[in-house]
Amino acid sequence: DVSFGALDFEEKMLSRASPFDFGNGLVLPTCSAEDLFVAKAFASRPRDWLDARGIVVRQKGKLNARYILRHLRVLCDLKETPEIVDTARKLLSESK
576 DVSFGALDFE
586 EKMLSRASPF
596 DFGNGLVLPT
606 CSAEDLFVAK
616 AFASRPRDWL
626 DARGIVVRQK
636 GKLNARYILR
646 HLRVLCDLKE
656 TPEIVDTARK
666 LLSESK
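Its first residue numbered 576, the sequence shown is counted upward by one per residue in the numbering used here.
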């Protein structure tokens, strides 16, 4: 996915990004696991929830749930979808 930094969350996501070397001289900024989780949860499609679960499993309790829920709550308020935050909270609690 590509982000243009139009929302406050996207600006923060871009400022937290780190370079990743994909090989053959291709280095691109990539978002943190927390920011990817927020983006996946916010999209809230079945495949995105599978991806979010994979992030939780891969990070093995290292995710900053407070950061995730704070930013996800703001986005979901705009979209009027508080149930996404509830689902994310449950998913994150499984990693503890």
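Derived from the structure by calculation, the hints contain no laboratory data. As the structure is a prediction and not an experimental result, all values here were calculated from the model. For glycine and all other residues, C-beta sits at the position ideal for the given N, C-alpha and C. Just so you know, not all the hints are guaranteed correct.
The following label-pair restraints were derived from C-beta to C-beta distances [as the list claims (entries may be wrong)]: (1) R633 with P604: 13 to 23 Å; (2) E658 with G600: 39 to 49 Å; (3) K654 with G600: 17 to 27 Å; (4) D596 with L625: 39 to 49 Å; (5) D661 with D596: 15 to 25 Å; (6) N599 with E658: 38 to 48 Å; (7) R648 with G598: 18 to 28 Å; (8) P657 with G598: 18 to 28 Å; (9) K654 with R622: 11 to 21 Å; (10) E658 with L601: 22 to 32 Å; (11) G600 with E669: 37 to 47 Å.
With a Cα cut of at most 20 Å, we get these calculated SDA-like pairs of lysine to any residue [unchecked claim]: (12) K587 with P604; (13) K635 with P604; (14) K587 with S670; (15) K637 with S668.
Cross-check of the supplied hints:
no. : hint                       : verdict
1   : R633 with P604: 13 to 23 Å : 20 Å, holds
2   : E658 with G600: 39 to 49 Å : 44 Å, holds
3   : K654 with G600: 17 to 27 Å : 38 Å, violated
4   : D596 with L625: 39 to 49 Å : 27 Å, violated
5   : D661 with D596: 15 to 25 Å : 38 Å, violated
6   : N599 with E658: 38 to 48 Å : 43 Å, holds
7   : R648 with G598: 18 to 28 Å : 37 Å, violated
8   : P657 with G598: 18 to 28 Å : 41 Å, violated
9   : K654 with R622: 11 to 21 Å : 18 Å, holds
10  : E658 with L601: 22 to 32 Å : 38 Å, violated
11  : G600 with E669: 37 to 47 Å : 39 Å, holds
12  : K587 with P604             : 13 Å, holds
13  : K635 with P604             : 23 Å, violated
14  : K587 with S670             : 24 Å, violated
15  : K637 with S668             : 12 Å, holds
Against the hints set out earlier in the document, violations occur for numbers 3, 4, 5, 7, 8, 10, 13, 14.
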